[in-house]
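Asks: Listed below are the residues making up each chain.
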Amino acid sequence: MEEDFDKKSDEELVILSIEDKANFSYVIERYKDKLRRYIKRLTSTNDEYIDDILQEIFIKTYINLKGFDPKLKFSSWIYRIAHNESISFYRKNHKHLESVYYYEDESLESISDEMNVEVEAHRKEFQKNFSQAINELEQKYKDVIVLKFIEGKNYDEISDILKKPPGTIATRINRAKKKLRENIKKKGFDSYE
Amino acid sequence: MNNMNKENKQKNININKKVLDTLSEKNICLKPEWEFTLKNSSIWILGIVTIFAGALSISASIFVFKNIQFNAYKATHENILTFFIEFIPVIWIILLILFIFSAHYLVRHTDTGYKYKLWLIILGSLLASFILGVAMYFFGFGQVVDRDFGKHIPYHKNIELRNDQAWNHPEEGLLSGYVILEEEGFLLKDFEGSEWNLIVDEKDLRSNDILNNPNLEKVRLVGILESEHEEGDVFYVCHVMPYTIKNPKMFGQKPPRDLEERSGIGFEENFERNLERKSDDERSNKCKDVRPYQRLLKTN
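Those protein sequence lines, which keep their order, are chains A and B. Numbering of the first sequence is given in the working numbering, commencing with residue 3 and proceeding in unit increments. Numbering of the second sequence is given in the working numbering, commencing with residue 1351 and proceeding in unit increments.
These are computed hints drawn from the structure, not numbers from a lab. The model shown is predicted, which means the values in this text are computed figures rather than measured ones. Where a beta carbon is used, it is the ideal one built from N, C-alpha and C, also for glycine. Errors might be hidden in some of the hints.
Simulated restraints on C-beta separations [what the hints assert, rightly or not]:
(1) L1468(B) x I89(A): 20 to 26 angstroms
(2) I89(A) x P1382(B): 23 to 29 angstroms
(3) K10(A) x V1399(B): 22 to 28 angstroms
(4) E1385(B) x K10(A): 22 to 28 angstroms
(5) N156(A) x T1460(B): 41 to 47 angstroms
(6) N66(A) x I1447(B): 32 to 38 angstroms
(7) T173(A) x I1438(B): 32 to 38 angstroms
(8) E1385(B) x I89(A): 20 to 26 angstroms
(9) E184(A) x T1460(B): 33 to 39 angstroms
Generate the whole structure from the sequences, applying the supplied hints.
Replies: Below is the structure:
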């Protein structure tokens, strides 16, 4: 039975969740890991808070299921809710947050390729510094870097998640890359255009 | 490593259970579809209302600009700058900007409004307001908005009142109002309701020049204040100009009711602007020292 649900599209799961609350567990199952990582990347917060944010995201998602516009991808919609909740949490609590999120190797590889940064020589050091460089970005730049290079979203999806025109997203990504390149340079890593 | 996986698995099971338990315990239900429809429709309706309000501001602005008496600014003002500062329809322009930004805010809050660029939404709203505003102006709404809606806006003076005030300085040689032809001569009723006996000297002004003015239309006069007394003030007329409210169709300007009753002479020909103006040599010396008159002469 569970396998059947696994094969269903997000949109089908939405309809099934509207029909029966219990089916919403399949939506949670599908998105909890992705969203947990996304929240962590966005807020650099501890696990104890992440569960609270995640719970709030799923409750809001459930309450608003009938407002989901099928013209949008469900993943973009739930990421939008996650983004808003995470940012709201971060704004309230960032003064008390001290931890820095260390991005996974494979995530950093996609950004370092994009940024043309030489990493092979000092991979460990690079992971630490690159993570810090991302965390030091302004929130609006961090948002697009995380969504584009770590979550692997395309421009339209990012536009839907952040509710900004696709043109603005493209500009913001370019600026974010430039800022990130500057941050990396300050930490002693060279990149080439 | 195994312990970590177990811990994560436990967390995942927990979050699923926690969410479903919270939904049940707090009896959290789905928001009904109509709430979303209502919210979205309200935003669209408000957006349309703001575009409509912007259109009203545009129609009022067109009406004001059409009725700025630019041809005689030299008579009423020192320079073009002071003239525009006084006459530019600031309130309608400010309201238009406010409405356009409100429309932008509302469009951005619709389901798909965020996809459009700021300038595109602003330009679109402005264009929609402009087209609608021009149409409204042609149906005569410009005057209604400037005069009737304007009454309720603090410190706002409609263009007719501003024109009246600019042309109500008899001591400086400026006077405006409705001309009435009576047996003993010409009378003028100014916008404050005072009546003036007009002296029309053939040397400076042919009586036809006033008579050519369509009956009961407003005129602007340049001249000399001869005397002020209870039986009626006297004003020597050097120059007469039409005072037309340019407003198309249904809401054309009408004279006050009490004046309608005193009419009786029909003037068929329309007033021709500056008809009475003759060469400087033909004029008497009386008008030559009148400041607005001199300045008007310089414009030609």
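Asks: Hint by hint, note whether the structure agrees.
Replies: The hints, checked one at a time:
In this structure the supplied range 20 to 26 angstroms holds for L1468(B) paired with I89(A), their Cβ-Cβ distance being about 21 angstroms. In this structure the hint that I89(A) and P1382(B) lie 23 to 29 angstroms apart at CB holds, the actual value being about 28 angstroms. In this structure the supplied range 22 to 28 angstroms is violated for K10(A) paired with V1399(B), their Cβ-Cβ distance being about 42 angstroms. Between E1385(B) and K10(A) the C-beta distance comes to about 27 angstroms, which sits within the given range of 22 to 28 angstroms.
Against the hinted window of 41 to 47 angstroms, the Cβ-Cβ separation of N156(A) and T1460(B) comes to about 23 angstroms, which falls outside the hint. Checked against the hint of 32 to 38 angstroms, the pair N66(A) and I1447(B) passes, with Cβ atoms roughly 34 angstroms apart. Between T173(A) and I1438(B) the C-beta distance comes to about 36 angstroms, which sits within the given range of 32 to 38 angstroms. In this structure, E1385(B) and I89(A) meet the distance hint of 20 to 26 angstroms, their C-beta atoms being roughly 24 angstroms apart.
Under the hint 33 to 39 angstroms, the C-beta atoms of E184(A) and T1460(B), about 37 angstroms apart, fit the expected range.
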